[in-house]
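Produce the entire structure from the sequences given, and follow the hints as far as they go.
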Amino acid sequence: MRVRLVLLSFWLIVIWPALPAGSDRLLAQTPLGVDDIVARVQQAFYYPGADLKARVKMTLTSAGGDTRLRDLTMLRRNGKSGEQQYFIYFHQPGDVRGMTFLVLKYPRRDDDRWLFLPALNLVRRIAARDSAQSFVGSDFTYEHVSGRDPESDRHTLRGEEKRRGKDCYIVESQAQAAAEYSRKVAWIDKATWLPVEEEYYDIRGELFKVFTADEIRDVNGRATVTTRTMKNVKTGHRTEVVFSEVAYDVGVEAEIFSERYLREPPRRWIQ
Amino acid sequence: MRSIGLVGLIFGLAFALPHTAHAQASVHGFAQFNSAFRATGADCPPQMACDVMRGEERVQLKLELSSPDGRAGALARLDLFHDTIGDEARVDLREAYVDVGGRRISARLGRQVVTWGLGDLLFINDVFPKDWVAFLTGAPLEYLKFGSDAAKVGAYTGSIGAEVVITPVFARDRAPRPDRLFFFDPMPSLTDRVTQRPGTDFGDMQLAGRLYARVSRFEVASYVSKGFFGMPAGQPDQAVPTRLVFSYPRLNTYGGSLQGPLRAGVFSLEGGYYDSRDDESGSDPTVENSQTRWLAAYQFQPHEDLTLAFQYYGEFMRQHDAYLRTLPQGLPLRDQLRQVASLRVTQLRRHQTLRLNLFVMASPTDRDAYVNPSVRYNVTDELWLETGANVFWGQEHHTFFGQFGQNSGVFLIARYEF
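Quick mapping for you: the protein sequence lines, in order, are chains A and B. Sequential numbering of the first sequence, starting at -4, is according to this note's numbering. Sequential numbering of the second sequence, starting at 30, is according to this note's numbering.
Keep in mind that the hints were calculated from the coordinates and are not lab data. Some hints here could point you the wrong way.
What the hints assert, rightly or not - Stretch-level coverage of chain A by chain B, calculated; a stretch enters the list once three of its residues show a Cβ under 8 Å from a Cβ in chain B:
1. 79 to 90
2. 124 to 133
3. 246 to 256
Stated by the list, open to error - Only part of the chain A face toward chain B is listed, based on derived beta-carbon distances under 7 Å:
4. R63
5. L64
6. D107
7. A114
8. L115
9. N116
10. L117
11. R120
12. R262
13. R263
14. Q266
Ideal placement from N, C-alpha and C gives every residue a C-beta, glycine not left out.
Written as structure tokens, this is what we have:
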């Protein structure tokens, strides 16, 4: 009996590091179907960790080579049943410096958004269409930043192939609800469940945007897209987004996502 | 001399503080050129800046400090500008405050801009000082508000917040002045004028409070304030007047607001009661009667980068009978109800670097209107240009917008941010 207990303990100690914990458990299971793949992508791409802090630098480049920089700090916190909160503080450019942006994201309905304009000391609730609205003038929409409900599309598994050096599933998504695309084809890395490339087709079936995950890094054991690009192949305009100082599970308090901190940005988090 | 000392102090701090123990400091700001031209061809009185309403070069320095743990901070926003019309250089400390506090309670002490309420250029529960001269002469919108020398104390728990703003010394609105603007003056022949401002007694201290909460997807707030009207009341000194005495009558306000999602947009409701403490019976013709004010607004995005916002606003005068009974002969008569409707259309183009704006506000009861089209282009991340017009129209020369008819004109702003 005693020997058995010792053996069991020994076995547990050996096996423990291999056991997935918490939300990662989902990621470690073998997929059953395309909706399962999509759910895992959603988890790996938009929901990793209980919270996230990152410095985000977006470079908008026009077809003519003209560039604009958007430099911001992003805080994200996961709530209950798929809800999320985002807090964004703008460092650059000068005309938006000190501006803050709060998004309360709910599954299956439009998000709530507030903007704080420091020069006017004014908090304004803003109405925006999630699906098509560009985020700060970039090639990314609000949905690209905070995610789109998987139920808004019909997904089909189109096969598997190697893409950008990764073994990938090919998932095609047909928009069933309002979207900026009618069809999206995504290459999903089987190892990390992150999209390494996406193609967006418009209503005429023409390719208009291409997303690429240019750099994927391990951050606290979580695969993270640290450099990504969205290129509009019709206009030649593109946006490159670099995440630096990424940290998960840093303990961002729930109260940060409130009007108070829009007006008084939490210095501890945005420095 | 004082201003040079102030500039020196701020710069001294800016350079000294980064070297102190890990405090974070940053200096930013902008250089700006701003001009406005009257386009009505009006015959101006000799003392008035006529065709050129504004000509100004301005530098703003913004210094921000933050303690290493982020629990305390400070901000100073200092404007140095040259007014080409008066040919004078000036210093304006727009804001200077210290933030202290923790999770539950915090305070902001010093000169600060406070903005409450839901209206777009329509103010009900926002009783904080406004610079109407800047607004009417084509300055950037942020100059409509200026800082109060105040202490703001807030207490917060969950999604509920309570804030009190204590302003020990009254700051009046910057009202239109005859050296820059045409406006309605009921007694133009009385040129001997004095102004009496509220004192510095505790009884003259202004208080404003706001209690707000987020309930599900809705935001509710209630507001209360004790203070003075921002615009003065002119009282003739005797029956056959020789002098006009301006004072700031007492005003208490009580109000509430509600905001939330409606279909694909956002609706806003706000209401307030203006309790005119120095004229409760409504029989003093020089002091504003008590009023009820309300606002209903809706904004939505019919298309990417296009936003439409509608507002309907009303003002209902209490004791209109007493007002009619006591109104001196020859003064224009105001209706009991003033209604205003507005529409703002904002279109962003070229990856949100080009902003086209049209704001139209009209009153069917006053039969007057204000139209403000503008275009702003961010040439680079540092440099933006804006041009637009302020057009005032009214069937009568004494109504809210009608009185400014001869100030209609165009403005230009060029700002380099650093």
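Right, here's what the structure says about each hint:
1. 79 to 90: holds (count 4)
2. 124 to 133: Coverage by chain B holds here, the residue count being 7 at a Cβ distance below 8 Å.
3. 246 to 256: The restraint on the segment 246 to 256 of chain A holds, since 5 of its residues have a Cβ under 8 Å from chain B and three suffice.
4. R63: holds (5 Å)
5. L64: Given a least distance of 6 Å, the restraint on L64(A) holds.
6. D107: holds (6 Å)
7. A114: Since chain B brings a Cβ to about 4 Å from A114(A), closer than 7 Å, the hint holds.
8. L115: holds (5 Å)
9. N116: Constraint on N116(A) satisfied, holds at 4 Å.
10. L117: Holds - the Cβ of L117(A) comes within 7 Å of chain B, reaching about 5 Å at its closest.
11. R120: holds (5 Å)
12. R262: With Cβ-Cβ at 4 Å, under 7 Å, it holds.
13. R263: With a minimum Cβ separation of about 3 Å from chain B (threshold 7 Å), the hint on R263(A) holds.
14. Q266: holds (5 Å)
Figure legend: structure checked against the earlier numbered hints; every hint is met.
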